[in-house]
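> Residues per chain are reported as follows:
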Amino acid sequence: MKIALFATCIVDAMYPSTARATVSILERLGHDVVFPAGQACCGQMHLNSGYFPEAVPVVRNHVEAFESQEYDVAVAPSGSCVASVKHQHAMLARSVGDADLETRATAVGSRTYELSALLTDVLGITDAAAQLGSWYPHRITYHPSCHGMRLLRLGDRQADLLRTVEGLDLEPLPEADQCCGFGGTFSLKNADVSSAMLADKNANITATGAQLCSGGDASCLMHIGGGLSREGSSISTLHLAEILASTREHPAPPPGSVRGGTRHAADLPGKARQ
Amino acid sequence: MSSTYLGMPSVPVFGEGNLHASEPFPQAARRELDNAQLRANLGHATHTIRDKRLRVVAELPDWEELREAGSAVKAAVMARLPELLEQFEANFTARGGVIHWARDAGEANGIVRDLVRAAGADEVVKVKSMATQEIGLNEYLEEQGISAFETDLAELIVQLDHDKPSHILVPAIHKNRSQIRDIFLREMPDVDPDLTDTPARLAEAARLHLRRKFLSAKVAISGANFALADTGTLAVVESEGNGRMCLTLPETLITVMGVEKLLPSWTDLEVFMQLLPRSSTGERMNPYTSLWTGVTEGDGPQNVHLVLLDNGRSAALADERGRSALHCIRCSACMNVCPVYERTGGHAYGSTYPGPIGAILSPLLTGITSEENASLPYASSLCGACYDACPVKINIPEILVHLRSEDVQSRRGKKKVPGQMDVAMKAASWMMGSGRRMALVEKALPLGKLAAGPDRKIKKLPGIAAGWTRSRDLPAPPAQSFRDWWVKEHEDTASKEQA
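As they're listed, the protein sequences go chains A and B. Count along the first sequence from 1, then add 52; that gives the number in our numbering. Count along the second sequence from 1, then add 597; that gives the number in our numbering.
So that you can see chain A by itself, here it is in the shape it has in the complex (with noise of 0.2 Å):
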């Protein structure tokens, strides 16, 4: 299968890591993975903000980026990336009155995938260790995120991929289900709510006595590792993707591990090396 990765902006310039573990887990399963060079960001920012006008070219961006036929489904490693090209441009485009944008845009959005959606449902993924390889010894508990479970309806599908990785300890995570606070520029407008909800949110993933906390969305994660590096937490966050693409051989960065910087994540196995 042809698969146009949608590495969104945050993955892109932040946490690149986790777009390679993304590539990396997808050709081991031997498919063949795109990246349009044109793609930018999906523009929930500016939606959810309420700048509509200021929407309009990242979202047309994002739809001729992501519109060709010379690939079968796209994929993002972000939850909230993927609700936003699902359920937001389409309504964007017909707010503008944009009605040719609206059509592609739908199209767009019926064929992107969140990562476990894409693994689970089209992929046939039911056990990462076996299928994936994934191995990652380590004690962790798991943030499902608002969009991925509520605007995408993805269950437990990250919560079974990450059950299933070798050496693997999976944390309930107490009132997972609450929102960690981030939500975009919630998170500035209003920035001691989100920091109430924040710390509520880290003192359960403490309470986990888990050395570490995973998640699908790269945002959340950035909010809640914030959170825990200004307590002086030992807890470091990692996203699933790269959980699951840690192997034996090419490991991920274990719970602790300063990321960012100069240092990049372990060199990942990708088709090169299979």
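There could be a bad hint or two in this list.
[Claimed, not checked] With a cut-off of at most 25 Å between alpha-carbon atoms, the simulated DSS-like pairs for lysine-lysine come out as follows:
{"#": "1", "chain 1": "B", "residue 1": "Lys1085", "chain 2": "A", "residue 2": "Lys54"}
{"#": "2", "chain 1": "A", "residue 1": "Lys138", "chain 2": "B", "residue 2": "Lys1023"}
{"#": "3", "chain 1": "B", "residue 1": "Lys1023", "chain 2": "B", "residue 2": "Lys1011"}
[Unchecked claim] Calculated Cβ distances over 12 Å to all of chain A for the following chain B residues:
{"#": "4", "residue": "Ala802"}
{"#": "5", "residue": "Thr864"}
{"#": "6", "residue": "Ala945"}
{"#": "7", "residue": "Val1038"}
{"#": "8", "residue": "Ser1078"}
[Stated by the list, open to error] So these bits of chain A aren't anywhere near chain B, every CB distance computed over 12 Å:
{"#": "9", "residue": "Val125"}
{"#": "10", "residue": "Gly176"}
{"#": "11", "residue": "Ala182"}
{"#": "12", "residue": "Gly185"}
{"#": "13", "residue": "Glu218"}
{"#": "14", "residue": "Glu223"}
{"#": "15", "residue": "Asp229"}
{"#": "16", "residue": "Pro306"}
Derived from the structure by calculation, the hints contain no laboratory data. Just so you know, these numbers come straight off a predicted model, no measurement behind them. Glycine is no exception: its CB is placed at the ideal position from the N, C-alpha and C atoms.
Let chain A serve as the given structure and place chain B on it in line with the hints.
Same frame as chain A, but now just chain B:
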């Protein structure tokens, strides 16, 4: 062309009364967040009701179908509201009731005052009503020399304490037993001075206090949960029975109701009598449901009035993308699941309607141009829990986003100097409108390291981003974007293949 005035003026009239915040939400929220006792009380209360609701909702195999049905009935009502109001008026009047149309809070209050005076009364008993809170009726009547006594227990506590409710279902959610005892001792004449704070003693004290009022009052004022167009019937749903005392004992009954409370027919009530109690109190059925149709000679109130209130509802109805907020049946399920409400409580929203529904309803009723309420649509992380909980499926997150866009547009229309957020959004739009431009900007990512400390964490950001670093670090950006890595990797592969 003849026209019938249906309380639906062609030019939208925005609502007045207790619909406005007096300060921006973030500011009010900060103050409320400092109240640890409030947060503990709210956290406990909302979690208790939340869990109860989930349990009783799970009992119904057709819950989703019921929500669909409720939503469909309400959409149908909004589509033909003028016609249904006319039908209701004809039936209500034919059975001996009197209808009064009120364009806004001021008109509604004036109508009620005149009716109370005409009945020769200077005090009234009241059954808890959101509409009368919305128009500030109690305060208005007091100014006019008429005393209004709340009879719902929680509402009575709030009233005696000269406080404001902070939840639409549990108005005294922020008070505990010993606080209530102190309020009773201080404010209730003839109260037993040895009153303790056991619930039974408190309930008994309230009962004795209220019984005297019920037996002496000539006029009662109520709200209504539903109005049935095909029979001209009004319905009140409650838990304590004090409402029923108000609805049956006095000679004159005045109901104040928003025009959106209408249902087409008696049979539609079936859907809502399942949706409402389970969503609001987490009960299978509420203890008291009172329905009354006009006047029955020798039984119950002999003068029955209904004030039909617009107060911004026409304006909300005219907003195609916001109008479904009028479907709200005031169950409070959205506030009980809202992570923002749970931490700030109702007072932070500044209006009679707090929580997620308040964040859309208040600005819809007052207009987003009302500056006090323009911050309300931002009081949400858009987590979507409210939409999942709403028994009539109001897509609150979508309306919040719609109202944010109205706010941005309205500020643009006023040609104000663009704020930092406006400038940032414009710049981001330019950058994110092209992969080429994004790649160019990403080349500067390594510079971000300069902002980080030796631990590769950014601990202080300037301007609007400062809110982030108040409680959160930001990781230093990587040396290379994914895009850049991909291009280099594939260039390498391509050149190797060529070689």
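> Each hint: holds or not?
Against the structure, the hints:
no.: 1; hint: B:Lys1085 / A:Lys54; result: holds, 21 Å
no.: 2; hint: A:Lys138 / B:Lys1023; result: holds, 24 Å
no.: 3; hint: B:Lys1023 / B:Lys1011; result: holds, 18 Å
no.: 4; hint: Ala802; result: holds, 37 Å
no.: 5; hint: Thr864; result: holds, 33 Å
no.: 6; hint: Ala945; result: violated, 9 Å
no.: 7; hint: Val1038; result: violated, 8 Å
no.: 8; hint: Ser1078; result: violated, 5 Å
no.: 9; hint: Val125; result: holds, 19 Å
no.: 10; hint: Gly176; result: holds, 27 Å
no.: 11; hint: Ala182; result: holds, 28 Å
no.: 12; hint: Gly185; result: holds, 21 Å
no.: 13; hint: Glu218; result: holds, 27 Å
no.: 14; hint: Glu223; result: holds, 21 Å
no.: 15; hint: Asp229; result: violated, 8 Å
no.: 16; hint: Pro306; result: holds, 17 Å
When each numbered hint is compared with the structure, violations occur for hints 6, 7, 8 and 15.
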